[in-house]
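Colleague: We have chain A already, so just place chain B on it with the hints.
Sequence order for the protein chains is A and B. Offset between the first sequence (1-based) and the numbering used here: plus 7. Offset between the second sequence (1-based) and the numbering used here: plus 1.
Hint data in this document are derived by calculation from the structure and do not stem from the laboratory. Being a predicted model, the structure only gives us computed values, none of them experimental.
Just the calculated beta-carbon pair ranges, DEER-fashion:
hint, chain 1, residue 1, chain 2, residue 2, range
1, B, E127, A, G161, 35 to 45 Å
2, B, K83, A, E295, 41 to 51 Å
3, A, T294, B, L19, 53 to 63 Å
4, A, D20, B, K4, 21 to 31 Å
5, A, A259, B, H73, 41 to 51 Å
6, A, V271, B, K83, 53 to 63 Å
7, B, G13, A, P179, 36 to 46 Å
8, B, E14, A, A52, 27 to 37 Å
9, B, S3, A, I241, 52 to 62 Å
10, A, A52, B, L19, 18 to 28 Å
Just so it is clear, CB atoms sit at the ideal spot from N, CA and C, and this is done for glycine as well.
Chain residues, written in single-letter form:
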Amino acid sequence: MAEIRYLAPRSLDEAIGAFAAAGSAARILAGGTDLLVQMRSGMVAPGVIVDIKKIPEMTTIEETSDGGFRIGAAVSGAVLAEHARFGKVWPGVLEAVNLIGSKQVQGRASAGGNLCNGSPAGDSVPAMIAAGAVVTVQGPNGRREMKVEEVPAGPGRTNLKPGEILVSFKLPPRPPGSGDAYLRMIPRTEMDIAVVGIGVSLTIKDGVCTAARVGLGAVAPTALLVEPAAKALIGTKLDAAALEKAAEACRAACRPIDDKRGTVAYRIKTAGVLLKRTVAIAAKRATEK
Amino acid sequence: MSKIHVTTTINGEPTEFLCAPDNTMLDVLRGPLGLTGSKEGCSSGDCGACSITVDGRLVCSCLMLAVEAEGHEIGTIEGMAKGGKLQPLQQKFLEHAALQCGICTPGMLVASDALLRKNPNPTEEEVRFWLAGNLCRCTGYDKIVRAVLDAAAEMRR
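Chain A extracted, bound-state conformation:
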């Protein structure tokens, strides 16, 4: 067996240096719930493992002074759920992150890993897209920001450049009257991979939807921002006609695969159904506050 080196840098700069120096032989270890399975199955054989969990910026949740949140890329689902405020402000993002795997997986798995793993069906990704989350990435050429929807490049691939590490998610401040939700369709009741996943974030003022974002997962090579669906909702009272128009926009955005969990036709139809249900939950949350 080839020699593996394990590094646990204390600073981001040190991590970037080690990760870039090791080139394609290196893998980032956050929660490890994908990496260790991939190593065991022989899918990957890293020469260097860079554990990012000793870097404070990667493992902390910060409520910013403007009311937004900054979540370290390696924060586990369990830690995010324990945060006193996050789930109250972003219940949809939290429910999506907490749908990733079992309670055991929740103890380790992170939204950063979910995004970088590049699965089209990652549960947290559509919810983060709906939330308008922006990620900070850092590499040998410095820091930059990307919208979450710009990160996935296809199944198992991201648009991060060689040597770049996902550092954190930034979620914007919430205007009054805002709510979000995430729903996924799976053939079982728990512990499965999404057939369709939809994240919706809304702002409602005097009964009228003033802002909306819709993220759609598991129906295309990457999770998608569905702008026509959001447009169909904005300026309406979320009446049946508006919901049907948004559902049609979601169906039109689908480019799904056929597999044992769902056919192309089923995924497309379900995308429309889930859009309506998810909007209903997000709208209820927006108007309850």
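Modeller: For chain B alone, coordinates are given in the frame of chain A:
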């Protein structure tokens, strides 16, 4: 392959061990540390037989590198019974016959204990969802769920 020296705490006891960089926590528990209560089922995080806690949070020890234990508090099934006395969950698993072959039992107990520490009064549905990451091929789960609910009731008294 060069070994790494790890200092950690296991079931409240300061513990040191040497491991290879790609050893899992489960490898080290069952191997050099001789703590064979945690079982190896799937080795891919699906079955929960290797469940342990790290700083009180439930994880699969097969999905954690042993080197990651450095500086953390590990809890295993061996830490559950104190002074030869079974913890109520263990006692209720016996009373309800909530096991047959026993391979899933340590993981079930560690996971149930983590649940009751968070939520001392769970509903049946909450128990079933919490234990969705622990597979049992013998019991059909019903007796396990009843044992957990009964233990929770006793621990609240």
